[in-house]
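> Listed here are the chains, written in short residue letters.
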Amino acid sequence: EPEVTQTPSHQVTQMGQEVILRCVPISNHLYFYWYRQILGQKVEFLVSFYNNEISEKSEIFDDQFSVERPDGSNFTLKIRSTKLEDSAMYFCASSERQGGDYGYTFGSGTRLTVV
Amino acid sequence: GQNIDQPTEMTATEGAIVQINCTYQTSGFNGLFWYQQHAGEAPTFLSYNVLDGLEEKGRFSSFLSRSKGYSYLLLKELQMKDSASYLCAVRDHSGNTPLVFGKGTRLSVIA
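Just so you know, the sequences run in chain order A and B.
Count along the first sequence starting at 1, add 15, and that's the number in this note's numbering.
Count along the second sequence starting at 1, add 231, and that's the number in this note's numbering.
Since the hints were derived computationally from the structure, they do not count as laboratory data.
All of these numbers come straight from a predicted model, not from anything done at the bench.
Certain hints may be false.
[Unchecked claim] Each computed DMTMM-like pair below joins lysine to aspartate or glutamate, with the alpha-carbon atoms no more than 20 Å apart: (1) A:98 to A:77; (2) A:72 to B:323; (3) B:334 to A:100; (4) B:288 to A:16; (5) A:57 to B:236; (6) B:288 to B:308.
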């Protein structure tokens, strides 16, 4: 079964450093998303991306965050200057259809720890 | 605002049936999803309801009442591997709209 692949699985970084989280969505999917989940809390939407531009973003997705699809397969989330409160599991997701009527496929996540 | 409520925890016995409820108040409605999430893993899609009624898929069924802002996930013939968190999520309008998730219900299946 096709998978969404995320790397690294775990990243530890110092406060103030830049991190790039990488995702390879399913190849025929057109809609891409980043969500995060702080330990013990709910899954929260960050940003959606289609046709090489951001479709929608949440209040969490401030100027410190950016997304990019640098080539035909990768989809990245960059945090420019990490804060302690950015520590969370970050999930990439993709869907074939608009709005993901049949459910997104989530990647296995990157656990980001900011120290 | 958006509000999705689910019980925090439930416990059920192997072989039994359990119903996990979800109520929502959102500005619009264009579909309700249930996801399963094992500890430390990604959510996996279980079901999707956009019209009132029951959708059955094997041991899992999901029900929706739009007028009541209510859904439930029914799990039959519980197995130990069903111990996980079950996430209710709503899409509040059409198009490439993100999902709003509830906090999830942690289900423990005991022998």
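> Would you mind marking each hint as holding or not holding in the structure?
Hint check results:
For the proposed pair residue 98 (chain A) and residue 77 (chain A), the alpha carbon gap of about 12 Å is at most 20 Å, so the pair holds. With a CA separation close to 15 Å, the supplied pair residue 72 (chain A) and residue 323 (chain B) stays within the 20 Å bound. Distance check on the hinted pair: residue 334 (chain B) and residue 100 (chain A) sit about 18 Å apart at the alpha-carbon level, within 20 Å; holds. Between the alpha carbons of residue 288 (chain B) and residue 16 (chain A) the distance comes to roughly 19 Å, so the proposed pair stays at or under 20 Å and holds.
The suggested pairing of residue 57 (chain A) with residue 236 (chain B) holds, with an alpha-carbon distance near 11 Å, which does not exceed 20 Å. At most 20 Å may separate the alpha-carbon atoms for a hinted pair to count; residue 288 (chain B) and residue 308 (chain B) meet this at roughly 13 Å.
Violated hints: none; the structure is consistent with every hint.
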